[in-house]
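Work out the full structure, taking the sequences as your base and the hints as a guide.
Chains A and B supply the protein sequences, listed in that same order. If you read the first sequence in the working numbering, its first letter stands for residue 1, the second for the next number, and so on. If you read the second sequence in the working numbering, its first letter stands for residue 1, the second for the next number, and so on.
No lab work stands behind these hints, which were simulated from the structure alone. Careful: at least some of the hints might be erroneous.
Any copy will do: because identical chains look the same in the list, a pair fits if it lies in one copy or spans two.
As the list claims (entries may be wrong) - Below 20 Å or equal to it, Euclidean Cα-Cα: the simulated EDC-like pairs (lysine to aspartate or glutamate) are:
id	residue 1	residue 2
1	Lys72	Asp83
2	Lys52	Glu119
3	Lys147	Asp200
4	Lys63	Asp53
5	Lys52	Glu23
6	Lys147	Glu186
7	Lys63	Asp98
8	Lys147	Asp192
9	Lys78	Glu114
10	Lys72	Asp192
11	Lys78	Glu144
12	Lys50	Glu114
One letter stands for each residue in the lines below.
Protein chains: 2
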Amino acid sequence: MPPRPSRNVDQLLLEAGHALLPETGVRGLSIRQVTERAGVNLGMFHYHFKTKDVFVRAILEQKYNDMFTSLKLTTKSKGAATDNLRAAVTLLARWGRDNRVLFVRLLGDALAGEQVAIEFLQANMPRHIQVVVELVLQAQNAGELRKLPLPQVMSFLIGGVAAPIVVGTAAINGGLVPPFVSNQLEQTVFTDAAIAERIDMALTGLAAPKKSGAKK
Amino acid sequence: MPPRPSRNVDQLLLEAGHALLPETGVRGLSIRQVTERAGVNLGMFHYHFKTKDVFVRAILEQKYNDMFTSLKLTTKSKGAATDNLRAAVTLLARWGRDNRVLFVRLLGDALAGEQVAIEFLQANMPRHIQVVVELVLQAQNAGELRKLPLPQVMSFLIGGVAAPIVVGTAAINGGLVPPFVSNQLEQTVFTDAAIAERIDMALTGLAAPKKSGAKK
DNA sequence: GCGATAACTATACAATCGTATAATTATACA
DNA sequence: TGTATAATTATACGATTGTATAGTTATCGC
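Shown next, in the form of structure tokens:
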């Protein structure tokens, strides 16, 4: 029973999908566009993946391995709680920056109600957020941070640290800003130093009204 | 020359558009859906508005009057610069909260590359942002805030204060969170008190390393 | 070389979209 | 009362979408 050998068209399709998805988002991704880019017959899409949902899910699953496996957050209990928190948030923020293009697109898709994007974020984000939550609680219990409501703390922290990356990326990708502003953004907002600075500022704002807070 | 009197179908269409746009966004807005909701023949759409772009622009223009005219920011030079900044940011943040549903949708549309949404935000946002920029510069020159790069300051300030509202709204609208979490969000993130708290935290983080910062 | 079998091609279907237009209707004035 | 005229209707065009399928092709074991 020897059939015709595969030309691995499914791989070509997935590669084209990886290239196109960050540009177009889920809703904007056209099957014909994918097959054309892959240099493959339209029928092969249905042959391998049946539906667009399955295809996108396959792409995101591969993205997951590229993105989330590089994000290893640990809750070590050594040292000051705030320092552990700072370390975790730093890792998370840098990871968001390094994956910002796809990440912003997924956020946009999820915001537009795209189910498959929502599911992906819902499935993969909370686990890592939870690490930060626990570190925040530790820092609060240690008296290093004020005991504000968790949603308030988390959204302020993530908003202050990560939102600059999101809006900066969106502005650059959307062509809203001229190139020299893009460079300025990258140098004053995207760098490790800028991230660290924002984290320090956020933690200072969240710090308990002690004598010396969490200044750098 | 007495013609047939109008039944003001254009008004009905605009009303339907106002109701649907925040739910669907620009791209998701279907002309047939609009006419159906307005109880009006499909042809009337082309008769009154010709194209979807014109229609959406008309809706946004009306929204503008509802939204932006209620936002009057002034740069008064009385009192501490930081206090003026705090007042302006407070107004801006409350305004964002009050218009959050449409606002988040427009952000999503713009993020998805929808031209008409981009133009609307580009045309109307910078003017109000500029007021904050100037107040930040005044506070920096007064030595009340550290002289960090403007993009860093603005994105941190707006991110920390407004991002919680945006993500909270998106989460609620997208049905990502159960109702009791929605209530929790609204009470710990959306209230005037919560906004004021975030602004204080952000300003504390941005404050010059003086003896006493901008604590409440 | 033959044939079984999976890979592949060409094409079509049904739905939805924005847009357009020819025909019909209802009115206020002559 | 007839008629000019704008408002309204019914319908269609062309493009694009995701999905499906009948038929063709190339290969390996025999």
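Do the hints match the structure? See the list:
no., hint, in the structure
1, Lys72 / Asp83, "within (17 Å within a copy, 41 Å between copies)"
2, Lys52 / Glu119, "within (15 Å within a copy, 31 Å between copies)"
3, Lys147 / Asp200, "both (18 Å within a copy, 15 Å between copies)"
4, Lys63 / Asp53, "within (15 Å within a copy, 35 Å between copies)"
5, Lys52 / Glu23, "within (17 Å within a copy, 24 Å between copies)"
6, Lys147 / Glu186, "between (34 Å within a copy, 18 Å between copies)"
7, Lys63 / Asp98, "within (13 Å within a copy, 37 Å between copies)"
8, Lys147 / Asp192, "between (28 Å within a copy, 19 Å between copies)"
9, Lys78 / Glu114, "neither (41 Å within a copy, 48 Å between copies)"
10, Lys72 / Asp192, "within (18 Å within a copy, 37 Å between copies)"
11, Lys78 / Glu144, "within (15 Å within a copy, 36 Å between copies)"
12, Lys50 / Glu114, "within (19 Å within a copy, 29 Å between copies)"
When the structure is compared with the earlier hints, a violation turns up for hint 9 alone.
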